[in-house]
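Protein chains in written order, with our numbering: chain E, 1 to 149; chain G, 1001 to 1149; chain S, 2001 to 2081; chain V, 3001 to 3081.
The set of hints was computed from the structure by calculation and includes no laboratory data.
Fair warning: there could be bad hints in the mix.
Facing chain E, from chain G, some residues (calculated, C-beta under 8 Å) [stated by the list, open to error]:
id, residue
1, R1022
2, G1024
3, F1029
4, R1116
Note that CB positions come from ideal geometry on N, CA and C, so glycine has one too.
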Amino acid sequence: MFRISSEPIDPATLQRELRDVRAGACASFEGWVRNRNDGQPVRALDYEAYVPLAEKEGDRILAEAREKFAILDVRCVHRIGALSLGDLAIWVGVTAEHRGAAFEACRYIVDEAKARVPIWKKEHYAGGATAWINCATRGPGAQSTPPTG
Amino acid sequence: MFRISSEPIDPATLQRELRDVRAGACASFEGWVRNRNDGQPVRALDYEAYVPLAEKEGDRILAEAREKFAILDVRCVHRIGALSLGDLAIWVGVTAEHRGAAFEACRYIVDEAKARVPIWKKEHYAGGATAWINCATRGPGAQSTPPTG
Amino acid sequence: MSKTVEVQYFAILREQRGLAKEKVSTAAATAAQLYDELRARHGFTLESSRLRVAVNDDFAPWQAPLRDGDRLVFIPPVAGG
Amino acid sequence: MSKTVEVQYFAILREQRGLAKEKVSTAAATAAQLYDELRARHGFTLESSRLRVAVNDDFAPWQAPLRDGDRLVFIPPVAGG
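Using the sequences and the hints, build the whole thing.
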């Protein structure tokens, strides 16, 4: 249900898997690579995952969502590798009889995935500098390293 | 931005219109025709709209969402006509730099559209009875009328 | 003080009236009076307290004075989505 | 009490170590001790308080005793989505 993918994500196919005549609502979320972060122009991203644990922890999050909210089904895929501006990094889709549960579960999954799943993001800036997001330390070493490619 | 459509809604095209390299988040909602309501088996739906006022009121809702939440763009289309189980009745998509605003605006638009936009839904039940949703009165007349087709 | 207005019907009102649109000559001074008149004539089940009214394609107060040539829509409880 | 464990590195740790995986012979009794040892040896910038640790592909407490053959991953602050 929760997958890490090194291929582009295909939302249409994922959403087709969620079709269910019991469902009145399908809430979905797409995380896109945007062109700036904290005011700095971004030109590309690398995502990297510890795949076995990422999928295990991701599935735990989906199981929690099923327990907390009256939903029917759910899918989540996170992309890894080199991404360009505008690329789809994460897709979450949730079906439910009613919209409240669909929205709340979708939001819960995105929030928890960002906080808990072992996936890392390296930003490449316009000037050539790079940074692993959330990994800065007091010294400058971790904040800015030469671009890797 | 808010449209009433008598043709099937095409989410892929709508979402393409929302592409924006400034956007980090795209929250979307689909309302589907489900196979029961209040415990009664439903076999089809008719949606009917007072189109000029529906589009005017819909646009007001989208303008409110832009004012209340830090979003970049938004689209909403509501289908009218004869719909079958599983058909897409309403699509809402919202882009924002950050996910909080995208989710909140998307939810706001769906809630307000359901409450304020002059669109009506007639349910056709398995037994042949029909009902205009929310239009029941104390007498039986409005609750159950012969099917119209 | 008779005037002629156009009334458009949707959903349950359209079915109960049996048509989608009609011209009505009325002495009603307000939309509220006109609905009461039409309800008595056609047996509409919904009370005006459950409706809204639109005049010339925008929501209007029930007590707004009717003018000759106005287009009115009585809006049953909505159910989009 | 020396044992051999496998350490896999991701993201900033992989870059600072210059490789993705290595076998390490260590006298460390816990994952916490092992990270301190490797941090001193390789100059990792992140303090252990900002990391989590996984043993054999699941999260584990820092104080869990290390066993010969364990596979360890030190998990920098995550940033998915």
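Double-check G1024(G) for me: the hint is only fine if its C-beta lies closer than 8 Å to a C-beta in chain E.
4 Å, holds
Closest C-beta approach of F1029(G) to chain E relative to 8 Å, hint status:
Interface hint status for F1029(G): holds (5 Å vs cutoff 8 Å).
Restraint satisfaction for R1116(G) [CB to CB of chain E, less than 8 Å]:
16 Å, violated
Go through the hint on R1022(G) and say holds or violated, using the shortest Cβ distance to chain E against 8 Å.
6 Å, holds
Taken one by one, the earlier hints fail for this structure only at number 4.
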